[in-house]
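Trainee: Chains as they are written, first to last, in the numbering used here: chain A, 3 to 170; chain B, 176 to 582; chain C, 7 to 200.
Rather than coming from a laboratory, the hints here were simulated on the basis of the structure.
Cβ atoms here follow ideal geometry from the backbone N, Cα and C, with glycine treated the same way.
Do not take every clue at face value.
[Claimed, not checked] To be clear about the criterion: a stretch of chain B counts as covered by chain C if any three or more of its residues have a C-beta under 8 Å from a C-beta of chain C, and this derived list gives those stretches: (1) 191 to 202; (2) 225 to 231.
[Said to hold, decoys possible] DSS-like mimics (lysine-lysine), calculated; alpha carbons at most 30 Å apart, straight line: (3) B:K502 x A:K133; (4) B:K559 x A:K150; (5) A:K135 x B:K559; (6) A:K162 x A:K150.
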Amino acid sequence: MSLTNEHIKARLTEKFPEQVTGFEEPYGLLTFEAPKELNLKVLNFLYDDEELKFRFMTDLCGVHYPDKKGQELAVVYHLHNMIDNVRLRFKVYTDINQPDIYTATGLFSAANWMERETFDFYGVNFVGHPKLKRILNVDEMDYFPMRKEFPLEDQTRIDKDDEMFGRG
Amino acid sequence: MSEQHIKLPEGSIEKTTTTLNLGPTHPATHGVMQNILELDGERIVSTEQTIGYIHRAFEKIAERRPLYQITTLTDRLNYCSSPINNMGWHLTCEKLLGVKTPKRVDYLRVIIMELSRISDHLICNSIVGVDAGAYTGFLYVMQYRELIYEIYEEVCGARLTTNMGRIGGFERNFNNIAFEKIEKFLREYPKVLKEFENLFQRNRIFMDRTKGTGAISADRALNYGFTGPNLRAAGVDYDVRVHSPYSSYEDFQFNIPVGTTGDNYDRWLVREQEMWQSLSIIEQAYQKVQEFKGTDADVYHADVPEYYLPEKADVYTKMEALIYHFKIVMGETEIPKGEVYHSVEGGNGELGFYLISDGGRTPYRLHFRRPCFIYYQAYEELTKGAMLSDAIMTMSSLNLIAGELDA
Amino acid sequence: MARPVSYNFIKKPLEADISIADMPEGHQGEGFFATSLNSVIGLARKNSIWPLPFATSCCGIEFMATMGSHYDLARFGSERVGFSPRQCDLLMVMGTIAKKMGPVVKQVYLQMAEPRWVIAVGACASSGGIFDTYSVLQGIDQVVPVDVYVPGCPPRPEAIIDGVMRIQDLVGKESLRRRNGEQYKALLESYGIQ
Chain A
3 MSLTNEHIKA
13 RLTEKFPEQV
23 TGFEEPYGLL
33 TFEAPKELNL
43 KVLNFLYDDE
53 ELKFRFMTDL
63 CGVHYPDKKG
73 QELAVVYHLH
83 NMIDNVRLRF
93 KVYTDINQPD
103 IYTATGLFSA
113 ANWMERETFD
123 FYGVNFVGHP
133 KLKRILNVDE
143 MDYFPMRKEF
153 PLEDQTRIDK
163 DDEMFGRG
Chain B
176 MSEQHIKLPE
186 GSIEKTTTTL
196 NLGPTHPATH
206 GVMQNILELD
216 GERIVSTEQT
226 IGYIHRAFEK
236 IAERRPLYQI
246 TTLTDRLNYC
256 SSPINNMGWH
266 LTCEKLLGVK
276 TPKRVDYLRV
286 IIMELSRISD
296 HLICNSIVGV
306 DAGAYTGFLY
316 VMQYRELIYE
326 IYEEVCGARL
336 TTNMGRIGGF
346 ERNFNNIAFE
356 KIEKFLREYP
366 KVLKEFENLF
376 QRNRIFMDRT
386 KGTGAISADR
396 ALNYGFTGPN
406 LRAAGVDYDV
416 RVHSPYSSYE
426 DFQFNIPVGT
436 TGDNYDRWLV
446 REQEMWQSLS
456 IIEQAYQKVQ
466 EFKGTDADVY
476 HADVPEYYLP
486 EKADVYTKME
496 ALIYHFKIVM
506 GETEIPKGEV
516 YHSVEGGNGE
526 LGFYLISDGG
536 RTPYRLHFRR
546 PCFIYYQAYE
556 ELTKGAMLSD
566 AIMTMSSLNL
576 IAGELDA
Chain C
7 MARPVSYNFI
17 KKPLEADISI
27 ADMPEGHQGE
37 GFFATSLNSV
47 IGLARKNSIW
57 PLPFATSCCG
67 IEFMATMGSH
77 YDLARFGSER
87 VGFSPRQCDL
97 LMVMGTIAKK
107 MGPVVKQVYL
117 QMAEPRWVIA
127 VGACASSGGI
137 FDTYSVLQGI
147 DQVVPVDVYV
157 PGCPPRPEAI
167 IDGVMRIQDL
177 VGKESLRRRN
187 GEQYKALLES
197 YGIQ
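Please model the entire structure based on the sequences and the hints provided.
Mentor: Printed below as a string of structure tokens:
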């Protein structure tokens, strides 16, 4: 049986009934979400299962939704089954006051720096990560810049006139 | 000497390894990244990487720019092959907006993308030579990179950070001089590449420096998220152009070179062979473009007036063109809501764009899946137990471009 | 293996292409030539500048093209590019400097010996360029004093060579006492450099 999106959806709902939700297919890519406590279980299931074989992590990033109270920070995993050429998108949501998510570095070594980058930009705390510290910004930075409430420009600069740039 | 007069740092007498800082200012212009090595004599015990010395916050800037202005940001990701990044971004936008490009545009895009792939691999291979001590190969091939830059100039006006193309095609048709220069490139370049190969490929010293160093197995490479020539050197034939073809790559006939051990020599050979394959793709694409005659030969963009700026002469004379121009520039065109992930085969691997749009003029979230960032994590494993000079060769043969590491 | 230049069809004799440095003003007679020490040292220094390419991003690739044989920078005397600040005269900062990198630029500048010059190549090094963000230093003149700015994104190799020629003008005309004078000391004080 070929690995179609319906088949993957059926296998997932059979293994995790009621817990994987939000099945969509934007532009042909199966997308679903799960509660954050189950993220490792779902990733392990997708990795180990002999039919699903999602053994390549393409991407891991974070998104900030300030309007969804209780679920402001999302972590999005993009997985790829290279043998059957099928891609998958998997999202977990977490609260901004307690952003703890289990780390995927045990399963995919590629997730190491990607999780550090998500921590650096959004403040998501990955539980069990070998070395969770800032990777792209200066170590002394005390805020998480990609969150929507922070501005892009450095507010202490004196040589650029915000009025002229339409940002005054 | 008693230790009351000398203040030594904690644990420095018991420490048996030397700490060496391969700091952000390297010779050989690799870009800014820092490696702190722990050495036991000449052998490396462990490394620690620090990046972010050129973090320019692309993802935050992209939340402020309309879709057609983000092309200038994508130029500066992998700046050795900027047209591939530009085309990748335009393909992502076209996927979001549902725009289908005509065949001639696809073939012209293929020519430009393969030229930039050759340009990127030339830099990487010649810098591997420079790091091994051989400066001459670099000087020979830089002349042909100048010819590639001249072709870019004829198409878009810029040499390096090209900002080439629009959503739906190109900004102007390729003129005769561009086609003459492409023909000249196809005529003269094979001899140069052969001479460059002869300098390095069976050279005793080069082979001794690169064979057996920095090797990685296919499973570890896949676990680390490698893509591109580094993964193909380890033995896995994954190429985005073949697995999920975009821009009519399925119409072309080419091979994917694959290595066996994944060491520095295999990576050099894979890039060299990919340049030959790219040359053959450019020849095929050039033949196919020449087959379009008459009015078909004037097609250089898709017919999507809502996203492609109309000709300036029409804007001043026709009403619809004026209205579309106004709507596009003021940001009142319909951008669908949704999220899309599209990837292209960049010079270093799978360059992916994850775009979440909320219907507004600017993206809600744009994330770049940068291949260099992902495979640089494996550097510690690649250099464990190696000698210091092998560590330098590994770093340059991985083709680390700082713009793509930090974004 | 030279690539024939395609559009250069005006044939000139080779002698017309070689330029020789101008002789400084002075008084000459049978077997001697008297001029000021300033001009002789300026002439020697300006035609043998050793640059330190501090290449961070895209402008670094244009620098590699400038050092290549098409737009040769070596014919201006900069044949030996060094990477050690102790041995170089000209710090060429090419590319974006992030706030994380600022202290490194300052450290490299401090390690250079007088007389030293700084050229900021590209829009990012001059003023932050297109990256008006929280993590990019808005021009290296926030941390080191700069002599010549070369705008462009990236500047063409001809523009980089023009910048180096302006530095040569500055080097040729500089007074030998400048580095010990009050104005220069005040300039360094304003950057926090002793």
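Trainee: With reference to the structure, classify each hint as holding or not holding.
Mentor: Structure-based check of each hint:
1. Closer than 8 Å: that is the beta-carbon criterion, and the region 191 to 202 of chain B has 5 residues meeting it against chain C, so the requirement of 3 holds.
2. Only residues whose beta carbon comes within less than 8 Å of a beta carbon in chain C count, and the region 225 to 231 of chain B has 5; three or more means the coverage holds.
3. Taking the CA atoms of K502 of chain B and K133 of chain A, the gap is about 48 Å. The hint is violated against a cut of 30 Å.
4. In summary, the hint linking K559 of chain B to K150 of chain A is not supported, as the alpha carbons are separated by about 41 Å, beyond the 30 Å threshold.
5. This hinted pair checks out: K135 of chain A and K559 of chain B have alpha carbons roughly 23 Å apart, not beyond 30 Å.
6. Between K162 of chain A and K150 of chain A, the direct Cα distance comes to roughly 22 Å. Compliance with the 30 Å bound is thereby established for this hinted pair.
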